[in-house]
Amino acid sequence: MTLLQVRHLRHDYRGAAAVDELTFAVGAGELVCITGPSGCGKSTLLRAVAGLVEPTAGEVRLHGDPVRAVPDELSFVFQDYGRSLFPWLSVRRNVELPLRWRSVGRAERAERAAEALAGVGLAGVDDRYPWQLSGGMQQRVAIARALVTRPALLLMDEPFASVDAQTRFELEDLLRRVQRARATTVLLVTHDIDESVYLGDRVLVLSRSPAHLVADLPVDLPAERDQIGTRGSAAFVALRGEVARRLRAPGDPAAVG
Amino acid sequence: MSAAGRFLRSWALFAAGVLVWEVATRLAGHPFFPPPSTILVTGARLWFAGPVERAFLGDTVLDDVLPSVLRAVTGFAVAALVGVGLGTVLGRSRTGMQWCGPLFAFARAIPPPALIPVFLVLFGIGGRMQVVTIAFAATWPILLNTVDGVRSLDPVQAETVRALRMPPGHRLVLVVLPAALPKIFAGLRLSLSISVILMVVSELVGSVDGIGFQLRQAQHAFDFPVMWAWVVALGVVGLGLNAVLLAVEQRALRWQPTRATGVPR
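Protein sequence lines correspond, in order, to chains B and E.
According to my numbering, the first sequence is numbered sequentially starting from 1.
According to my numbering, the second sequence is numbered sequentially starting from 1.
Bound-form chain B, shown alone (with noise of 0.2 Å):
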């Protein structure tokens, strides 16, 4: 079942186009991953498929309801978690944040608040400030943050690009864990082929700037994965390959960011 249609989307930054004739669907409960070069316009595909960001053209619809604002059955989460949680709220009321404008009761913000942050590993930090967490402790309360609306649709901004690489494994295999215990579709972008493929069921790879689609790799890995096994196996190591040669364009070795 398709959850989420791009058609035809382009975006201008500046008079130039930074987004260009992009067209892709994602099912639902799909992983995928966005890569492309630095500064391709991966980040604003991103915005404008939240609605943050009106395009230029095209269109982007969500369970084929076209999107304009931001629709309330999707989440964001941003690279900056510094930055993206709210410094003067403790640790569970930045995860509660967004129940309080929904009709959700106290008892029941608390609970479901709970009930995210366990998701993520996080337990006894509730009434900490974001700032006396480590860097990966942050994300993993932005994630919870992010998830504890249920959304149908969950947007990641290279959402491990600030932690050190431990926590980044850390940080995917939570990722792969949650997505498929709640069944949430995540559309992920980041800079990092290994990444990209360790993570996705699909990885999209972009051009550069005007971002157009290259290619749309299935991801034939086993759906349990292995920070070790799997970016050890062939099928890892072809993958990563074929993203990689995707992404230099021809007669430019520099495209690779």
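Just to be clear, a hint being listed does not mean it is correct.
[As the list claims (entries may be wrong)] Covered by chain B, per the in silico footprint, the following chain E stretches (three or more residues, Cβ under 8 Å):
#, stretch
1, 152-160
2, 163-177
[Claimed, not checked] One-sided and incomplete, this derived list gives chain B residues near chain E with beta-carbon spacing under 8 Å:
#, residue
3, L52
4, R83
5, S84
6, W88
7, L97
8, R100
9, W101
10, W131
Since the hints were derived computationally from the structure, they do not count as laboratory data.
Values in this document were obtained by computation on a predicted structure and should not be read as measured data.
Note that CB positions come from ideal geometry on N, CA and C, so glycine has one too.
Got chain B; can you put chain E on it based on the hints?
Chain E alone, transformed into the frame defined by chain B:
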């Protein structure tokens, strides 16, 4: 260093200053400069000679000190309400400050004591004139800091607000005002000292009670120990009000990393 040690260190210079003053005034023996011990005894007689059931507070504490403090606090509270309210509206509006900027710059440039004669004509001698004077002078720092504060929302926070589809009311209370709070408190601190200054100045020229009034009365009567005692009282009132505001600020901004318990500021 222990708490007692820190306390000793921070007040040691103060105590030494008082001691030097005591010795100097005793040596000089000039009537204009009574020694601190005399001032203290005079003050104690002034303020703590009341009946037991009033905790020994003298008449003048109820008749002068209390009204003074109430006026300062009322004027300050009005300034805080107007400053934060108007500042939020103007700061959030795109063109508000373009309209009001020059007007504010002019109004703020007038030294507030110069308006006391005007307010005296409008409101007559008494508390109303004083509260208006204090409120007028104390509004500007709060207003301008609030405008600045509500505009200083981080771009990532602003985008987060949009991505969360936060309604305007929630946005104001949960994001815009908390983000502006550090700047608002900077304005409040400045305005509190302005309030105390204007409280005294307005009482010196247009009042029939209050600390400033008593200070001037003592001066006219050549009762210099009493005059000095009121000066000391002003210092104590200022310190006390400031301590209350700092406590409120510490609580309201306790989420700031630099204010966490145990971390020196």
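Hints, verified against the model:
For the stretch 152-160 of chain E, the proposed coverage by chain B is satisfied: 5 residues have a C-beta within less than 8 Å of a C-beta in that chain, meeting the threshold of three. Note: the stretch 163-177 of chain E has 8 residues with beta-carbon separation from chain B under 8 Å; the three-residue rule is met and the coverage holds. Interface restraint check: B/L52 against chain E, minimum CB-CB distance 6 Å, threshold 8 Å, status holds. A cut of 8 Å between beta carbons decides the hint on B/R83: the least distance to chain E is about 4 Å, and the hint holds.
The restraint placing B/S84 at the interface with chain E holds, with a minimum CB-CB distance near 5 Å, inside the 8 Å limit. The criterion of a C-beta within 8 Å of any C-beta in chain E is met by B/W88, whose closest approach is roughly 4 Å, and the hint holds. For B/L97, the interface hint holds, the least distance from its beta-carbon to any beta-carbon of chain E being 7 Å, beneath 8 Å. With a cut of 8 Å, the hint placing B/R100 at the interface with chain E holds, because the nearest CB-to-CB distance is about 6 Å.
This hint holds: B/W101 has a C-beta 5 Å from the nearest C-beta of chain E, less than the 8 Å allowed. The restraint placing B/W131 at the interface with chain E holds, with a minimum CB-CB distance near 5 Å, inside the 8 Å limit.
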